[in-house]
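*Asks:* For reference, the chains in residue letters:
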Amino acid sequence: MQLALFFIFGALAVAGALNLLLQRHPINSALSLVVVMMSLAVLYWSLGAEFLAAAQVIVYSGAIMVLFVFVIMLLNAGEEEETHGSRAAYTVGIPGAAAIFCLLTFVFLSERHALGSANIGGYLNRGVDNIAEVSAMLFTKLLLPFEVTSILILVAILGAVVLARKEQ
Amino acid sequence: MRPLTNFEVYLLLSVLKVAVVLVITLMCVAYTVLLERKLLGRMQNRWGPSRVGPFGLLQPLVDGAKLFLKEDLMPLAVERPLFLAAPVIALGCALVSIGVVPFGAVTHVHGVDMFQIANVNIGLLVILGITSIGVYGIALSGWSSNNKYSLLGSLRSTAQVISYELALGLSLVGVVLRAGSLNLRAIVDSQSHGYGLLGWNIFGGFQFVAFFIYLMAAYAETNRSPFDLPEAETELVAGYHTEYSSMKFAMFFMAEYANMITVGCVATLLFFGGATSPFGHLIPAVGGRYVQAILPVFWFVAKVFGFLALYIWVRATLPRFRYDQLMSFGWKFLLPLAMANILVTSLILALRG
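Residue numbers (our numbering), protein chains in the order written: chain S, 251 to 418; chain H, 20 to 372.
In case anyone wonders, no lab produced these hints; they're calculated from the structure.
One or more of the hints may lead you astray.
With a cut-off of at most 35 Å between alpha-carbon atoms, the simulated DSBU-like pairs for lysine-lysine come out as follows [unchecked claim]: (1) K89/H to K57/H; (2) K416/S to K167/H; (3) K57/H to K167/H; (4) K167/H to K351/H; (5) K351/H to K416/S; (6) K85/H to K36/H.
Given the sequences, and given the hints that come with them, work out the whole structure.
*Replies:* Structure representation (structure tokens):
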């Protein structure tokens with residue numbers, strides 16, 4: 251069951267990501283991204299991380315992507331024009347992508363023995379409520395990073411307000 | 020014939036359950052429309068639909084047949100795939116969330132819980148998530164219609180839903196804190212210890228502020244009066260579904276009423292003790308096993324019915340908000356109030372626990 255879900259929604263996520271790049275119209279790209287987010291949520295759920303799945307749907311597909319779509323609708327952005335891209339993208343982009351690919355391959359190969367045996371769902375689901383465990387972890391062991399992240403987001407919000415405010 | 024295996028029984032019962040719940044929900048949607056027209060009629064001192072069948076009871080069926088048989092107009096300038104997908108998203112999201120609602124007491128038949136389709140650990144979050152996905156139906160319908168009224172309607176609706184989602188989510192935190200779980204069954208169970216309605220979150224749990232916030236936010240989320248700006252007919256023709264006709268229009272219409280029913284179900288579960296009786300254990304259990312199984316469903320339906328009546332009453336009574344009033348009400352009043360409610364509830368829980 252988990253394997254079947256993984257294949258279906260993994261393929262859907264990859265297809266959505268490719269569609270995101272290939273579509274010419276911004277709203278179609280945004281909707282492909284929504285498909286990617288939802289597939290990822292299903293993958294999280296099939297691994298037993300149900301809170302993460304719900305947060306993914308509510309925060310990413312339900313709030314952030316709706317705002318993206320909202321802005322695209324508001325600006326009435328037209329079709330993307332075919333461009334050749336900047337030269338910097340070619341000179342830096344291709345080696346960069348290759349480097350990231352190599353790094354990931356290296357990490358996967360060197361940690362090969364640990365792959366496949368990681369049981370995220372089983373670890374979090376030991377008869378305890380997944381959410382209770384996540385929140386206990388978040389508010390005891392990881393309290394400082396959690397609070398620092400909150401402050402960071404607050405700073406970002408204030409920055410947005412300052413930028414958006416009209417000078418009298 | 021060989022007897023069915025356990026798995027086959029489970030599968031058959033589950034499919035049967037889903038089919039029955041779907042049909043009942045769709046019938047409820049149809050008859051909520053009739054209820055609204057009847058009640059609005061009586062509140063405005065007229066009869067409402069009364070020609071088709073006794074008391075106009077067959078009106079929804081006739082309306083449905085009419086919408087099926089109407090010509091399905093397809094405007095030329097629309098963005099075709101999205102235009103077709105939008106009503107499906109809207110109705111699908113509206114109907115899926117009923118799947119996690121427990122509408123009766125725990126009753127196992129061959130290991131299948133008969134009065135809930137799926138008992139999910141995070142039922143409340145599932146409902147919130149599906150609600151937030153439902154925005155796409157409205158947003159895309161307005162944009163793909165290629166019509167300024169539709170676009171304005173869907174922009175208003177999107178902005179309104181995003182704004183009120185915050186207050187809606189925060190208003191439920193108090194209830195979750197009291198129950199200590201996001202499972203809808205567990206939330207209902209946490210309210211059934213007291214004496215009937217004194218144990219409910221709204222009375223015994225002192226969550227009436229949260230209930231008030233939830234009610235306001237839910238009216239805005241479902242685009243119902245007094246927050247029905249997305250389809251303000253004096254300004255926007257019909258809002259986001261201006262270009263839709265026939266069954267595609269009917270799907271938006273059904274989605275709106277299905278959302279009303281879902282909101283009523285959630286309010287019942289979180290604040291009014293779900294399927295528990297308002298008299299608690301004060302009244303001795305009467306009747307046999309079957310009566311005892313059906314009675315909670317009756318209480319649940321009665322409570323949801325009360326919410327629908329309240330919805331309609333509000334629609335008949337209150338005028339529409341202005342757009343800036345809507346935004347400042349949501350952000351400057353409901354949101355701080357919801358946060359204050361969380362603070363006070365958790366303080367009291369910490370002091371008592």
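*Asks:* For each hint, tell me whether it holds in the structure or not.
*Replies:* Structure-based check of each hint:
no. : hint             : result
1   : K89/H to K57/H   : holds (24 Å)
2   : K416/S to K167/H : holds (28 Å)
3   : K57/H to K167/H  : holds (33 Å)
4   : K167/H to K351/H : holds (30 Å)
5   : K351/H to K416/S : holds (20 Å)
6   : K85/H to K36/H   : holds (29 Å)
Against the hints set out earlier in the document, no violation occurs for any number.
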